[in-house]
Amino acid sequence: MSGPSTYNPKSGFEKWIDQRLPLPRLMHDTIQTFPTPRNLNIWYTFGGILTFCLGVQILTGVVLAMHYVANAGMAFDSVEAIMRDVNYGWLMRYIHSNGASMFFLAVYIHMFRGLYYGSYKAPRELLWIIGVLIYLLMMATAFFGYVLPWGQMSFWGATVITNLFSAIPVVGSHIATWLWGDFAVGDATLNRFFSLHYLLPFIIAGVVGLHIWALHVPGNNNPLGIDVKGPQDTVPFHPYYTVKDAFYLCVFVVFFAAFVFYAPNFFGNPDNYVQANPLVTPPDIVPEWYLLPFYAMLRSIPNKLMGVIVMGGAIVTLFFIPWLDTSRVRSCRFRPLMKQFFWVLAVVCVILGYCGSQGVDAAVAGVPLLWVARIATLYYFAFFWILMPIIGLIETPKKLPASIAQSVLGDTAAAAAE
Amino acid sequence: MAAVGAVAAAWPFIDQMNPSAAALALSSVEVDLSPVAAGQQIVVKWRGHPLFVRHRTPKEITESKAVAVSELPDPLARNANKPDNTPATDDDRVIKSEWLILIGVCTHLGCTPTGFEGDYGGWLCHCHGSQYDTAGRIRKGPAPQNLAVPPYAFLSDTRIKVG
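One line per chain: the protein sequences are Y and H, in this order.
The opening residue of the first sequence carries number 9 in the numbering used here; numbering runs sequentially from there.
The opening residue of the second sequence carries number 131 in the numbering used here; numbering runs sequentially from there.
These are calculated hints, taken from the structure and not from any lab test.
Honestly, I wouldn't trust all of these hints.
[Stated by the list, open to error] Result set (EDC-like, lysine to aspartate or glutamate): computed pairs, CA atoms no more than 20 Å apart in a straight line:
#, chain 1, residue 1, chain 2, residue 2
1, H, K189, H, D222
2, H, K189, H, D145
3, H, K270, Y, D292
4, H, K226, H, D145
5, H, K189, H, D249
6, H, K270, Y, D369
7, H, K175, Y, D369
8, H, K175, Y, D190
9, H, K175, H, D162
Only chain H is shown next, with the shape it has when bound in the complex (with noise of 0.2 Å):
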């Protein structure tokens, strides 16, 4: 009785560091796709995070769709807008081909990797060396995960919306 009273009385001591209602609340933005031309990233924020806009090239796509699933590390989409349990090919991490959206996060320890860098083309993350391929795909390091793709849609050909 008295345990489950202490616990009790030490749970609003724990969970007041947890995020507030406030920091929950998913927030949204739209982006602009227009300017961004094929080989370019531009990065937004979004959630504090960096978020990783790619309009890749037709040969990064290629390169990206000639990986067998069973050679990756994390053969998991990772991708918000797909059951949990999708296949990490390239068509599975993207809506339309040419746009990559990921959060820019390298799921080691949370560091933003370098664009088109390392031996992929995709990422280089400096802090611990995780190179990402041009589909945002673990290759080579210690991060355990590719990429996070969040929850967007496309509004028009040209731009989207995130969250």
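Next comes chain Y alone, as it looks inside the complex (with noise of 0.2 Å):
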């Protein structure tokens, strides 16, 4: 995608295709002579994890659209005939639904991975903005998507997440009546919410061919987070990292079929097995476990626009990353202060979650989790905008190696690499 190509046409065909449309370079340079670090570790096998997780996701996505009905009469039973009647129904739809929790297990592990190697600083910004913007996508496309069964969930999320945007001043019930087209959630919102499903996983891929061309400008930053300084400290990515991440891939798989065959309802809610109400709101209303955290958010704020700006802010936080961050040294590795903050934000993460999961008035030991999720809120946006930026300008990193081939081998293999 960037750089000088190292394909090489041999026949007469190759040659004719590449004065013409130079697809066989592309794939050439971007899958096969990609030079890639060396010292890659399992972390960096999600990306291609992830690819993964598209798609599966839109190839069992496209299969149930061919049996469901989005009509707020008939979508809860044709879900029910996807599973009951449907051939290998039951299958794309539970591969379909865990697909999404995988996916996002696969993003935040991504994510985090990117902070604390610190893959977002210069020249990775776009690629880490780009990324943002994809799990916000992500986002949209799996709440249009657990709005299609038409369960009690489906439609008291759907009701719950629409109604953030009536918070707005003057405009924000206009908006809300806008994305209903009705004066509630309905069936005009069922079957737009499907229109948009189908559509926003496609422009998913698009923006991930961005993330990838925009990865394959600077190239991989890698778990030292120093520069590739030359041939010795890169491998090409085939097939060095093409069985790397195949056989992670392998791995992920596992993991992702003992769900979809011994407990596919593992991360559904028995709530949604039962048809859209709208005269009764379930007792207990949880978004899905990857939105817990934000959900957590909004709620540990007593003022309906505050709990909707800080739950937004706590995601466009992400897009400041690249500039809140005043440290030189890329990895955590080095970064012996940062790196204890990181932990402590990763756990705050899950305790947010946690938060986001029990009832309002739940309380863990005497102490109310109300008050659990405000002090943890309180770290997540202390993080990235007061202590991101004060330790990367008072902490001492460690000794950076000299090159990743002299961290690898050694020093004197590398000379001899050399």
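Starting from the two chains in their separate frames, assemble the complex, guided by the hints.
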């Protein structure tokens, strides 16, 4: 995608193609010879895993759309028909529903990997920003998809999320009505959500193309966070990383399949097997697990508009990370102070997720979770807007290795490789 | 000029998502009050939303009347049958004191609150913990407004028409 190409068309046919549409050249340079740091660890295999997840969701999604009926009167029954009547319909649906959870699990690992190794720092700011954009699109797609089965959680989740917009002063209620196409969530809402749920994955696929493009210009970051200095620091993408990615993908698929075949409703909510009823709200509305930390933030603020602002701000913050981190060193391996606060952040996000999953009045060991969530929310924002800029300035990083090759191979072998 | 054209061309694509005239056509519903005993509430559907029809007990009315408007988070009546700036006194939330008619949509994020629960004996919204009193006024929690009172009229002593 960038840099000098090493493609050398051999046959006459390859030359003919190359002069007209150099697609083989693109593929050759992108996934075959692409120089990749030789020290990438397991956490770098999730990019490939995520591409796989997107493919699985699109494939199973297209199949499900062949049998699904986007109509408030028939949607719930059509999903039941997929489960009971359609050949392998249960499999398609369980892969699709668990696939969403796997997708988010992988994306969270991918994002925390980027945070830990400083992969958002120059010259990879746009790569990071495009990634956050993909994450936003994923959340929208997942939300639209969760509405489609038209169960109780579908309906009330849609009601709560669309009502977030009504917090906007003056135009808020008009926006909510515009989103619904009615006085409330109903048939019109379901239809448009289905349309968008089918559209967005293809947009995501396009943006993933940009993400990979933006990756291939500066090249991969790596666990050391230092720049590639020469050919001795890299290996060709194929076969080194195609094999490594494929191996961990297989491990991931085993994990994925365990849920699909042995605990297909592990991530689900029983209330969503009750058909949507606009007159009865289930006692506990909880979003899907991957949105729980944001939900906890929303609930921890006792003011509607502020709650919505805080929740949106938590995501918007991610776009600014490349400029909030003032450190000259990328990887947390060499940042003793940042490393500790990073792990606190990871724990805080899990705590927020737990708080979001519990009832409004819940308490653990006498401590009301509302206050736990408030303190956790405070830490989340303080981490990015206060700690990150300050730590970068006051921290003394450890000594960086001279090169990737030296770090991986030791001094003598690295010298020999040069 | 091009910008005007672009906006004009975009508008149909935006406006198509708004409710159609069919959806907007004001529907109305008649409710028979006679089977609802004091201390009971029924829920009927109106414009896709639940409608609370509650027969208040004298105790509930007294409790509600005892609250000063200055204590309320939302001092406005939110009553479609009264001017917009009407204060949220108990009298201004109802037409007949014993009958409280409300749109059962929590003003926070749209859940349906559960009746006869919470610290104020009115409604408790389980989604995010908003609490309403026996006049449907917000007293505690994240909801910004009192439960809305729909436009309605008494057709007879035991029959109302909503909408």
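Quick rundown of the hints versus the structure:
1. H/K189 x H/D222: 18 Å, holds
2. H/K189 x H/D145: Given that 20 Å is the threshold and the Cα spacing comes to 49 Å, the pair is violated.
3. H/K270 x Y/D292: 18 Å, holds
4. H/K226 x H/D145: 40 Å, violated
5. H/K189 x H/D249: Measuring from Cα to Cα gives roughly 15 Å; hence the hint holds.
6. H/K270 x Y/D369: 13 Å, holds
7. H/K175 x Y/D369: Since the Cα atoms of H/K175 and Y/D369 sit roughly 30 Å apart, the hinted pair is violated (cutoff 20 Å).
8. H/K175 x Y/D190: This hinted pair holds, its Cα atoms lying about 14 Å apart.
9. H/K175 x H/D162: 14 Å, holds
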